[in-house]
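From first to last, the protein sequence lines stand for chains D and Z.
So for the first sequence, our numbering puts the first residue at 100; every next one is plus one.
So for the second sequence, our numbering puts the first residue at 298; every next one is plus one.
I should point out that these hints are in silico values taken from the structure, not numbers from a laboratory.
There's no promise every hint is true.
[Unchecked claim] To give an idea of the chain D side of the interface with chain Z (calculated C-beta under 10 Å), a few residues: (1) R107; (2) I141; (3) A142; (4) R398; (5) R423.
[Claimed, not checked] For lysine to aspartate or glutamate, the following DMTMM-like pairs were computed, each having C-alpha atoms within a straight-line distance of at most 25 Å: (6) K307(D) to D418(D); (7) K366(D) to D389(D); (8) K337(D) to D359(D); (9) K329(Z) to D126(D); (10) K173(D) to E260(D); (11) K307(D) to D212(D); (12) K173(D) to E397(D); (13) K329(Z) to E352(D); (14) K329(Z) to D412(D); (15) K329(Z) to E117(D); (16) K307(D) to D126(D); (17) K173(D) to E379(D).
[Claimed, not checked] Quick list of the computed label-pair ranges, beta carbon to beta carbon: (18) E401(D) to A321(Z): 16 to 22 Å; (19) P280(D) to A321(Z): 45 to 51 Å; (20) Q283(D) to A332(Z): 29 to 35 Å; (21) L317(Z) to A136(D): 35 to 41 Å; (22) S392(D) to D318(Z): 25 to 31 Å; (23) A332(Z) to A136(D): 40 to 46 Å; (24) L317(Z) to K307(D): 42 to 48 Å.
Glycine residues also receive a C-beta, built at the ideal position from the N, C-alpha and C atoms.
Residue-level listing of the chains:
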Amino acid sequence: MLDAARLRADFPLLERQENGRRLVYLDNAATTQKPAAVLNAIADYYRTTNANVHRGAYSLAIRATEAYEAARAKLGGFVNAWAPEGVVFTRGTTEAINLVAGSYGRAHVGRGDTVVVTALDHHSNLVPWQILCQEKGATLRMVEITEDGRIDLSDFGTALERRPKIVAFPYVSNALGTVNPTAQLTRLAHAVGAAVVVDGAQSTPHVKVDLQALDCDFYALSGHKMLAPMGSGALVAKPELLEAMPPYHGGGEMISRVFDDHSTYNKIPHKFEAGTPNVEGAVGLAAAIDYLSAIGLERIAEHEQALAQAAIDQLTQIDGVTVRASCRSHMATSTRTTSPPSSIRTACASGPATTALSR
Amino acid sequence: MRRLNVPATARASFYIYNDLDDVAALAGSLVKAGALFGYVPA
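Bound-form chain Z, shown alone (with noise of 0.2 Å):
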């Protein structure tokens, strides 16, 4: 990450059970918080 030079970063990886619902959910999640926490545009 300090190659990247990012704070942080959420990983998500995938396996034979994750399907597209899974997707959803995660996206679903981000949006959440990204309502809860803000964000500042880079």
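For reference, chain D alone in the conformation it holds in the complex (with noise of 0.2 Å):
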């Protein structure tokens, strides 16, 4: 296992108490804590660096740039993006996964198609593609999960029959931290003709993620799930695609000229970032990507493995409490029978210790 208390002291907040105890912060699914490393580089940034990216011609507006496309290029060799254009940068998993249902699934997806979502999708993963699907006449089609919480395949194979334009799973999910079969289902996906859509935010932070293998042809992750400001994330795209799909906000940055009624869109990947980017949040995110590097995403997995294991040895012994967690993955949930989670979280509150439990 890792030096949990060596590195815990890089992390301010965890140096606090809450409600006069040690913070006991579990809720790592909903957000990270931030590392010195980072709230310092995020300083830096203002305190040296700041300035608008891609516009000006000054010694400062280019050393701006140059941080902002060099947080790029560290977040694509990160993920073994297929190229740094092909990785643009949002507010989050959820703005990524919605650049590519309003842009994608607009252009490819029509009256009487089929989008696949299976029930393990947290609501990012969801509503974008109802959404798309309303407007467009379409059938949103969700593919049941086992009774351990994992993707039927059954029910997937029998779901890509209708020949789907588009499916969209998580490689991690968000709920009970089950680790999918990403490279099969997308395999399986292909086979049918289908753009594949990964929802990212629970896996980057936890398992080394290598794009090219898994051959995805959208991976959409945010960085406050893994030590990085909120506000950072990216969508990591196969760069032909991107080439292809019609922009997606209107604005500054995005365009290449301008005419009074019409206009030409910049290449990849400016033409999908619309207006001043979020720099201090891809400098914060190279950041937290040199200190998660520094540790090792496979020791990561690992520690996390072995606290879930002893969680769910422990949890399973007491009376009342049905764990539902993989092993496999950094979460244990737990069903208590009767008691809602907000009264748990007040039971918590007033116990040994602070336990941070999400809704």
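Got two chains here, separate frames each, mind docking them using the hints?
Here it is, written out as structure tokens:
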């Protein structure tokens, strides 16, 4: 296991007490705390480098642009993206999936077509597809999950018989922590001609992601779940798909030439980054990647699995608690037969330690 | 949760700075929650 006590000292918020006790923070699937290295990178950016990017020819603007583009290249390397220009910075996973639904989806899904999602999906990988299907008169087909919280492969196969235009699923599920066989699901979906959208919000912080090996078409991730600032994240996609897609948001930065009645669009990834981007978020994300890489994703996964296994072992001993989790994951979700989570949270706050539990 | 047919769940999720003391605190808190709110065996 990792030396958690030493790492904990890098996180100023975790040094604080809550309700007069040591803070026990166990809501990392919702968001993570930030190490001093990330906080300092953001402060340093504003103290030494800040200017608008891709707009100025003066040295400060050039340095800001270089910092922003270096963060893009770093993130691309971290997930083994197809190319740096396939990395579009977004506010996070939700905006990334909305981008795919609003641009690729609108261009490729029509009346009578099918979009496939799974019952494991978080709202961010469900609602954008509901909106798209309602708008286009398309069918949204939800693949069932098994009793132990895995995608039902038999039902997945049945759903593919409809020859969907898009298949969306999470690499690691938000609610249960299940690790899905993403490369296999992608191959099956590609075999019927579907584009594959993977929600990487819960996988990027915890497993070594190799997008070229997974071969999905779109991958969405959030920085805030991996030690980076809120409002940082990305859509990582195959560049040739982004090239062919219509723009999503209109505005500055995404245009090449503007006439009174129309515009021509910038090259990727800038075509999808309208307006002044979140440069501090990108810089903070790059610092978070450096921090995580120094530890190593394999060691992180090993540490989390040991903790999840210990939690499963201890929680299953408690009367009335049913544990729903995969021992391969970083999460343990428990069901107490009668108490709603808000009651559990109240009980925990008065307990020997404060436990952050998500609703 | 509808798919699993459960009324509510509590999720604990770990990261690099969590340790076995945190796991023990979680287990202790769930025991306390059970004592406070009671439960109906499934």
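Here is how each hint holds up against the structure:
1. R107: holds (4 Å)
2. I141: Violated, about 19 Å.
3. A142: violated (21 Å)
4. R398: Check passed: Cβ of R398(D) comes within 9 Å of chain Z, closer than 10 Å.
5. R423: holds (7 Å)
6. K307(D) to D418(D): Cα-Cα ~36 Å, so violated.
7. K366(D) to D389(D): The given pair, whose Cα atoms are some 28 Å apart, is violated under the 25 Å limit.
8. K337(D) to D359(D): violated (32 Å)
9. K329(Z) to D126(D): holds (19 Å)
10. K173(D) to E260(D): violated (39 Å)
11. K307(D) to D212(D): violated (34 Å)
12. K173(D) to E397(D): Roughly 18 Å separates the two Cα atoms, so the pair holds.
13. K329(Z) to E352(D): violated (55 Å)
14. K329(Z) to D412(D): Holds. K329(Z) to D412(D) sits at ~17 Å (cutoff 25 Å).
15. K329(Z) to E117(D): Holds: K329(Z) and E117(D) sit about 18 Å apart, inside 25 Å.
16. K307(D) to D126(D): holds (21 Å)
17. K173(D) to E379(D): Measuring from Cα to Cα gives roughly 15 Å; hence the hint holds.
18. E401(D) to A321(Z): 16 to 22 Å: holds (20 Å)
19. P280(D) to A321(Z): 45 to 51 Å: Cβ of P280(D) to Cβ of A321(Z): about 33 Å, so the range 45 to 51 Å is violated.
20. Q283(D) to A332(Z): 29 to 35 Å: violated (45 Å)
21. L317(Z) to A136(D): 35 to 41 Å: This hint is violated: roughly 25 Å between Cβ atoms.
22. S392(D) to D318(Z): 25 to 31 Å: Holds, since S392(D) and D318(Z) (Cβ atoms, about 27 Å apart) stay within the stated range.
23. A332(Z) to A136(D): 40 to 46 Å: holds (41 Å)
24. L317(Z) to K307(D): 42 to 48 Å: Since L317(Z) and K307(D) have Cβ atoms about 24 Å apart, the given range 42 to 48 Å is violated.
Consistency note: the structure conflicts with the earlier hints numbered 2, 3, 6, 7, 8, 10, 11, 13, 19, 20, 21, 24.
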